[in-house]
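Asker: So the chains spell out like this:
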Amino acid sequence: MSETVGSLGAVRVGIDGVFYSLAHVPDLVRYGSKPLREIRANPVLGDELKKKLRDFNAAVAYAPHQAYIGNIAPEQLSDLPKPWYEKLIEGATSKGRFGDLFDQNSFYVRLAAADQFDLVSLETGWFQENGGRTSAHAPKLRSKTELQAVCEKGALPLYSRERLIGAFEAAHPEDASLAAEVLLENLAAKVTAAQSLRSVCKNLDLEPDELDFIISCSEEAVGDRYNRGGGNLAKAIAEEVGCVNASGCDVKAFCAGPMYAMVQAASLVQSGVAKKVAVVAGGSLAKLGMKFESHLKNKIPVLEDVLGSFAVILSAAKPGQVCIRLDSIAFHPVGAGASPQAMAENLAEKPLAKLGMKLTDVDRYGVELHNPEITIPSGSGDVARTNYLTLAALAVMRGQIVKPQMEDFVRARGMLGYAPTQGHIPSAIVYLGHAAERLRTKEIRNALLIAKGSLFLGRMTQLSDGCSFLLDCNGT
Amino acid sequence: MNFENQGVIKRLADQYGSENLTVVLGNGEANGVEVFAETVMEGDPSYAGPLAGVALKIPVYHILEDEVMSQVPENLREEKLQLSALVVDVDPMHQVLEASRKRI
Amino acid sequence: MLKRKKIIAIGERDGVPGPVIAECLEGAGYEVVFQATECFV
Numbered sequence: 000m001s002e003t004v005g006s007l008g009a010v011r012v013g014i015d016g017v018f019y020s021l022a023h024v025p026d027l028v029r030y031g032s033k034p035l036r037e038i039r040a041n042p043v044l045g046d047e048l049k050k051k052l053r054d055f056n057a058a059v060a061y062a063p064h065q066a067y068i069g070n071i072a073p074e075q076l077s078d079l080p081k082p083w084y085e086k087l088i089e090g091a092t093s094k095g096r097f098g099d100l101f102d103q104n105s106f107y108v109r110l111a112a113a114d115q116f117d118l119v120s121l122e123t124g125w126f127q128e129n130g131g132r133t134s135a136h137a138p139k140l141r142s143k144t145e146l147q148a149v150c151e152k153g154a155l156p157l158y159s160r161e162r163l164i165g166a167f168e169a170a171h172p173e174d175a176s177l178a179a180e181v182l183l184e185n186l187a188a189k190v191t192a193a194q195s196l197r198s199v200c201k202n203l204d205l206e207p208d209e210l211d212f213i214i215s216c217s218e219e220a221v222g223d224r225y226n227r228g229g230g231n232l233a234k235a236i237a238e239e240v241g242c243v244n245a246s247g248c249d250v251k252a253f254c255a256g257p258m259y260a261m262v263q264a265a266s267l268v269q270s271g272v273a274k275k276v277a278v279v280a281g282g283s284l285a286k287l288g289m290k291f292e293s294h295l296k297n298k299i300p301v302l303e304d305v306l307g308s309f310a311v312i313l314s315a316a317k318p319g320q321v322c323i324r325l326d327s328i329a330f331h332p333v334g335a336g337a338s339p340q341a342m343a344e345n346l347a348e349k350p351l352a353k354l355g356m357k358l359t360d361v362d363r364y365g366v367e368l369h370n371p372e373i374t375i376p377s378g379s380g381d382v383a384r385t386n387y388l389t390l391a392a393l394a395v396m397r398g399q400i401v402k403p404q405m406e407d408f409v410r411a412r413g414m415l416g417y418a419p420t421q422g423h424i425p426s427a428i429v430y431l432g433h434a435a436e437r438l439r440t441k442e443i444r445n446a447l448l449i450a451k452g453s454l455f456l457g458r459m460t461q462l463s464d465g466c467s468f469l470l471d472c473n474g475t
Numbered sequence: 000m001n002f003e004n005q006g007v008i009k010r011l012a013d014q015y016g017s018e019n020l021t022v023v024l025g026n027g028e029a030n031g032v033e034v035f036a037e038t039v040m041e042g043d044p045s046y047a048g049p050l051a052g053v054a055l056k057i058p059v060y061h062i063l064e065d066e067v068m069s070q071v072p073e074n075l076r077e078e079k080l081q082l083s084a085l086v087v088d089v090d091p092m093h094q095v096l097e098a099s100r101k102r103i
Numbered sequence: 000m001l002k003r004k005k006i007i008a009i010g011e012r013d014g015v016p017g018p019v020i021a022e023c024l025e026g027a028g029y030e031v032v033f034q035a036t037e038c039f040v
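Chains as they are written, first to last, in numbering that gives the first Met the number 0: chain P, 0 to 475; chain E, 0 to 103; chain B, 0 to 40.
In isolation and in its complexed conformation, chain P is listed as follows (with noise of 0.2 Å):
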């Protein structure tokens, strides 16, 4: 690997640290996008989707969530007996090596918490069992015929399995972009995010108010009808987590979102405009239950019941450090054209071209690493495996392996999905953690992250999308 490969040679931002937690919201997926039409138009389903919802030692003890927070290496999951959602991990705790897992009574509480609107409110005797906290602002409390006058207006009604436990209201009688539902996806965002931040600063000993900025990568939109995607969620993340002096703005590019955020974070610290630099995403609400009928058909538990989010520290890079590498980084352009060979071509052998590499040179691909158990049952296939075959493929036509050798490549360089299906969270991102880890140990020399985005799915062009880049270790 050429250290001096072009006119700036290796230029490298240190990763200081990162976090990916889970919110286990069972009796908030009947609000994901899906289920949400799909129960309006037939509430058998409704009925249907609560008897197959999991309880949290279940999520917990799920092998993709424990690889998600740090405590199972992801090349281990081939090795575990299937099907996972059957087979639970003994002994599983809810804290990971560099992730957690928090409960739905945890969720709600810190909803409210994070609500500065009175769009939350809960029913006062389950606030009291469930902590009774009181943060800087307290939670609006009703009773349960409140609660239930609320819902008939047209309040989302929030359920602790049949228990009716609080209410969450739209801030606008006309505004759609103010809606309940809308709201709800951005608050559950903002919450997540805040979890995975506030957790990677008390892992680095770090105080929230030595972070500079903020960017947060969040799927939704944030703003109101004048504005809808009007944005920067990620200030309202920072104020959650106290960064006080830290200011903040989004990214968003559907799933690449959070590696341009990387790339625009660690560009930041490089040019010296910031020092200690966050990037976050909280998970998409919108996403829950997603593919819930194709696991009610199989009879399967819904396995779409977690909001996914994680937090990123970048800073200038140390001696020895994890890092990412600037000289690696790939977009793909305009003209490039959508065929996985020219996403390939564009997000993995020219950069590496750049540093003197071949497909051959990287030790560990992340790509888009959905949980297949999720995936396969709908009829969408083994995702992180066809983007590992697509590589070695290219590597075939190159010259640089054989076409016998595609199954060893991903083999040697992949690894089974693990990630929710959340969108910007499975594409690539969500290896960092185990990358680092393999890179401080020497096991690997490093890792190239491809994630890909949907932009057709907006409406606006026909395009597809991609962000790619090396992350490998600092001399020492």
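Hints should not be assumed to be uniformly reliable.
Said to hold, decoys possible - Simulated DEER-style distance windows between Cβ atoms:
#, chain 1, residue 1, chain 2, residue 2, range
1, E, Gly52, P, Gly355, 28 to 38 Å
2, E, Gly52, P, Thr440, 37 to 47 Å
3, P, Lys143, E, Ala47, 30 to 40 Å
4, E, Pro44, P, Asp54, 26 to 36 Å
5, P, Asp360, E, Asn19, 44 to 54 Å
Calculated from the structure, these hints are not laboratory results. Each residue gets a CB set at the ideal place from its N, CA and C atoms; glycine is no exception.
Please build the complex by placing chains E and B on the supplied structure of chain P, with the hints as guidance.
Answerer: The following block gives chains E and B in isolation, referenced to the frame of chain P:
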């Protein structure tokens, strides 16, 4: 198949006539292909979309099946399809689609 | 040649996307009346 695309296909069948249309798919895996083919030939198997109960009988191919690939000019084939041909397992798709096409 | 000449191309992002199917079949002399790409995740 998503409902928007089902709706468009229905509209195009009305506009051009099913007898003039062919659907060509680009799925990466076989299990999606079977559902898509059934949707377009016999009707949406989930009975939920615009093609629920509507049997258009439009033949369905996959871009990587020999019958289709062989017609694509060589330069385009090499640049745009060759890599996918190494990645996608076309045989099971071909079995499913060939069987469906025979039923038309 | 395929008997029915008007093509509806439904691609998949991680398989072969719609615009790619369209380009290949137009190159083969077909008329592509509609193309779309589905994304399953």
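Asker: Hint by hint, note whether the structure agrees.
Answerer: Each hint tested on the structure:
no.	hint	verdict
1	E:Gly52 - P:Gly355: 28 to 38 Å	violated (59 Å)
2	E:Gly52 - P:Thr440: 37 to 47 Å	violated (59 Å)
3	P:Lys143 - E:Ala47: 30 to 40 Å	holds (36 Å)
4	E:Pro44 - P:Asp54: 26 to 36 Å	holds (33 Å)
5	P:Asp360 - E:Asn19: 44 to 54 Å	holds (51 Å)
Violated hints, listed in ascending order, are 1, 2; each of the other numbered hints is respected by the structure.
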